[in-house]
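Residues per chain, in single letters:
Number of protein chains: 4
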Amino acid sequence: MIVILKEKSEERQLNHLTEWLKEQGISLHMTKGLHQSILGLIGDTSKLDINLLKQMDIVEDVKRVQEPFKNANRKFHPLDTVIPIGNTVIGGGSMTVIAGPCSVESEEQIITVAESVKGSGAQLLRGGAFKPRTSPYAFQGLRNEGIRLLLEAKKATGLPIVTEIMDLSQLELFDEVDVIQVGARTMQNFELLKQLGHLSKPILLKRGLANTYQELLMSAEYIMASGNENVILCERGIRTFETYTRNTLDISAIPVLKNLSHLPVIIDPSHAAGAARFVPSLSMAAIAAGADGLIIEVHNDPQHALCDGVQSLTMEDFEKLMKHLTVIKNAQTACLED
Amino acid sequence: MIVILKEKSEERQLNHLTEWLKEQGISLHMTKGLHQSILGLIGDTSKLDINLLKQMDIVEDVKRVQEPFKNANRKFHPLDTVIPIGNTVIGGGSMTVIAGPCSVESEEQIITVAESVKGSGAQLLRGGAFKPRTSPYAFQGLRNEGIRLLLEAKKATGLPIVTEIMDLSQLELFDEVDVIQVGARTMQNFELLKQLGHLSKPILLKRGLANTYQELLMSAEYIMASGNENVILCERGIRTFETYTRNTLDISAIPVLKNLSHLPVIIDPSHAAGAARFVPSLSMAAIAAGADGLIIEVHNDPQHALCDGVQSLTMEDFEKLMKHLTVIKNAQTACLED
Amino acid sequence: MIVILKEKSEERQLNHLTEWLKEQGISLHMTKGLHQSILGLIGDTSKLDINLLKQMDIVEDVKRVQEPFKNANRKFHPLDTVIPIGNTVIGGGSMTVIAGPCSVESEEQIITVAESVKGSGAQLLRGGAFKPRTSPYAFQGLRNEGIRLLLEAKKATGLPIVTEIMDLSQLELFDEVDVIQVGARTMQNFELLKQLGHLSKPILLKRGLANTYQELLMSAEYIMASGNENVILCERGIRTFETYTRNTLDISAIPVLKNLSHLPVIIDPSHAAGAARFVPSLSMAAIAAGADGLIIEVHNDPQHALCDGVQSLTMEDFEKLMKHLTVIKNAQTACLED
Amino acid sequence: MIVILKEKSEERQLNHLTEWLKEQGISLHMTKGLHQSILGLIGDTSKLDINLLKQMDIVEDVKRVQEPFKNANRKFHPLDTVIPIGNTVIGGGSMTVIAGPCSVESEEQIITVAESVKGSGAQLLRGGAFKPRTSPYAFQGLRNEGIRLLLEAKKATGLPIVTEIMDLSQLELFDEVDVIQVGARTMQNFELLKQLGHLSKPILLKRGLANTYQELLMSAEYIMASGNENVILCERGIRTFETYTRNTLDISAIPVLKNLSHLPVIIDPSHAAGAARFVPSLSMAAIAAGADGLIIEVHNDPQHALCDGVQSLTMEDFEKLMKHLTVIKNAQTACLED
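Chains as they are written, first to last, in numbering that gives the first Met the number 0: chain A, 0 to 337; chain B, 0 to 337; chain C, 0 to 337; chain D, 0 to 337.
Note that these hints are calculated values from the structure, not bench results. Mixed in with the good hints there might be a few duds.
For chains that are exact copies, the list does not tell them apart, and a pair is met inside one copy or across any two.
To be verified - For lysine-lysine, the following DSSO-like pairs were computed, each having C-alpha atoms within a straight-line distance of at most 30 angstroms: (1) 7 - 46; (2) 74 - 154; (3) 328 - 53; (4) 193 - 117; (5) 21 - 7; (6) 117 - 21.
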């Protein structure tokens, strides 16, 4: 960490700062410039609150050299994290596909979709029980009943299930859920993250609409700092000035996050695009760029879906896409081995 | 609402759509264009889920004419909402100032600040007990104890208190809190909003970092649809490409939100600027633009604050600012009366 | 186009609007709603200025049904545009790679790079002569001499050349240049676009940092409306709140632009990433998503480049990447043929 | 400037870097950390190209301490720049209002508006002759004839005129123009900026839609480095995810730019809002925040304007606004003197 001092800083103030840092096990090294002096901080600064330094009278600015996250940092864990889920894994060069409807609507619907996506090669089933909707007047999900139906679909197909939690009060209903999803709007619900850190099951953590890579990793750090290292990062599109697509898929998140962290990275092309016709291109791009997997919305009857039908693939289109993804994945693997 | 049909749409599909709309009390009027036909929907469409229409096979696009919110809509409530809190009010031409530290740190601190800001003219006291922090290693607030200390400060000064809730599980601790603040990261925690709708006390609802005016009003609608009409809207800066300031204060939110809604609109210049030296300019701008109030961070010793000291005014600077704000407010009122 | 009328609109005003539209060959169809009436406009509205309608007293809002571009619109030109350049083409399923240094630095440098990238499979040579630099104190390019050296490299290798124009006054120097590049900062230099429309040579039009798909297509329309249909669209990253990468590559631009337009779409992964280590992933993603080609920065000695060395591939890394891209392209083609 | 070295850096590489910096008059001071070492650069780094350092093999990252602009920097010019124009000035605590139509349409129109805004207290007349329009099919301005008519209006009223240049080729037509405006889309047309630097007349430089404060100041630096110090900075709204207003007015630009630079800062509320009804609030906010002036669109008949009528004030509304602005300005001045 580097502290840039203001032009006029008194000896007394500097001593105060030096003392404060020493108490936290950090030593200092000063460089005097023409206009300004800078201090190099030597020691473990990853847990130092940068703002406590910035607010001091003699400090002009503070810049980080070391990342503020440790558990999620590849520097300290060079090998890819590989997370086992049922008979499959996520991470480490796999291509794990999670598929299913935006929301669970009925037993028949969820079992039909589950069997179909399993037949097409999906390894996990997704489905919304608790649905965060912008409008209070929109369908809010089947809630408890939705989770029960997902478990029925799991029994029928053997597919582990992934579903979203909206609030801590729902946590006990997720006992038998295989992967708990934290949605984009909930990425910084820190009370929830802390509690999820006390579980051992995998957490699928989606990037918020306007959150940086670093903030996403800090939210993963919340979960990991409480003891749960099974975090899956998910890019699902960010909010930009472009409104033609629902969000802007930030494809660079794949190489960047894999560079900064050892955690698996998957892509949600459905929410990014907001339109089924763009999902295949984005899915193929994600696999070619090295994503560890995808989470894709698939519906047995998109025209009559209770939620997000416009971005859901039909079961037939998903089957075709899975074949193509396998071809791209093989090509990508061949390149890596080269 | 206007539905734009695809070029080739079959009679059968159109009948299906017409039936579906009729069931919801909406009738149709068709305009045939050269390439495409459009349907005008006649009836109350404010509660219609626009996505259910978009996903239909014959539909190319859907555009709203009427806003999707009703309770928060000025069209249906032309007069300004004025919310009484203790001996003061927010809304309807008032200038209500909420001031206090980012976080409650000790009894001495919060009472010192409370007495000082009261003396300078603030009508409400703010202070964080539960603190949403990006890093799990940063100070997380005094929590329950923080609320207790705020209530002590209220007892000492008579100032009603405003503090932030992070999660539904904390709600019972807010029984004696005068105004519950919903932070930017929590604006779309819909489970929480619904429960806050069952209270009668005022809710200070902050706009999320990347949320539109409409989404903010839809979150207000969640609270109001459950029965609580005492919602105060707060603009606190949005996230843009500019990183010199912590966020970008969207000053236009004032005239726009007051145009769309009857709810009071206040500004948080401290979080927008992220630096105390820019707070006075932004505060004066907000009052001149017609804001109903401000929420400002003030600390007795910003250099040693446990949180956000860099953006906190000293008590002396706040006193000076209050005098200036009164001058601007008087000028603004004189203009309105003209 | 749909015009939404204000609640209270007088007969007289409506007649005025009807007359004005009739003069432009457009007829009207009205739908009366509960609160508001809407007008459907029938006729060719692609060249109608939407703002002239919006400013009328009785108009609340105007919404487009038809896109405001014609020449660039796939609806009117369903087949892909394929542009011949020297012995190669861009568009229609090709994978055309343009490679070379950020800026031309010397005859030896440009010929060394040109021979190397040709050997690796690039079909065109890029190199900057006129360089738009944020700082007046940074290297501004070799200018006229840079173009002369590019032509030497073309003579030596047979590769057609692509280089950027910054201002109309430079146009006569581009006589022998094969493809004229319009940079992101110049995308809305309409005076320049009009003049480029009077040429017949291909124009590589880069999307501006904060320009929508529609604005990019309107800039293409400027060139095409003046008679030059050889426009290549290029996505090179947009500006968002995320600053870890230089820009955010909007990979969805590929399927979206190819859906809206018949023009070829290429990707610039170098400027998007701003770091050489992320270029291979983004390049592979772009080809998998269906891009018609890539423009990649390659330098013989990135550490000593006069410009953008940090994002330039070495010649060796480029050679390796080209092999991988061919593998991905073959996989992508196999999928399309399926 | 601070250079952060990679973990493994060889002696030989470090010597190379030291030599290279010495040649540019810069000396070094090293701090060895636990994981990484950092170099403090001592000397004038304002003209050093940061990217040339970043691309070196041993360099992990580079961070600026000193701003990269000198002429525009308040650190080196503590006093406000005050620019005389005709009988008025811009800068240094003045409130200078520039008003007039989006585009010049006829002699009668421009003289009518000029006389009216002069009567209301405007000190300069604006009017577009060359109009940058997104669509090639929209009205492009009266061009040469537009400038002639502006000069007629100047003769009739004595008001100095401000009009926009789109391209270097138009420069000779601007001989008698008092203030040359560089529009948002042209802010980084560096060829044009260099030439404007050879004039002595004031340049009104608008911030680009997605340009940072620093980029705006670097564009000012282009003009000033060529010798013209009469630059007026103008904030006119930036592009964000919010589309309800045409752009998002970044009101913080006023205190920030005045903090970083000595140049005058004015606000364009018309383009920011995109709707006349929001212009008064934004104008009052700008003056309260300390802007040196405003540039406002005023039209004699907004409903029939050839361009941007929707955001133009009527002459009557402008007259009323000017009275209010004077009240706010007086209040703001009283505060400053306090």
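Status of the hints after comparison with the structure:
Taking the closest pair of Cα atoms, residue 7 and residue 46 come within 30 angstroms of each other both inside a single copy (29 angstroms) and across two copies (24 angstroms). Neither within a single protomer nor between protomers do residue 74 and residue 154 lie at most 30 angstroms apart by alpha-carbon distance, with minima of 40 angstroms and 48 angstroms respectively. Taking the shortest Cα distances, residue 328 and residue 53 never come within 30 angstroms of each other, neither inside one copy (47 angstroms) nor across copies (33 angstroms). For the identical chains of this complex, residue 193 and residue 117 are neighbours neither inside a copy (33 angstroms) nor across copies (37 angstroms), given an alpha-carbon limit of 30 angstroms.
In this assembly of identical chains, the alpha carbons of residue 21 and residue 7 lie at most 30 angstroms apart whether taken from the same copy (23 angstroms) or from different copies (27 angstroms). For the homomeric pair residue 117 and residue 21, neither the shortest alpha-carbon distance inside one copy (58 angstroms) nor that between copies (38 angstroms) is at most 30 angstroms.
Checked against the numbered hints given earlier, the structure breaks hints 2, 3, 4, 6 and satisfies all the rest.
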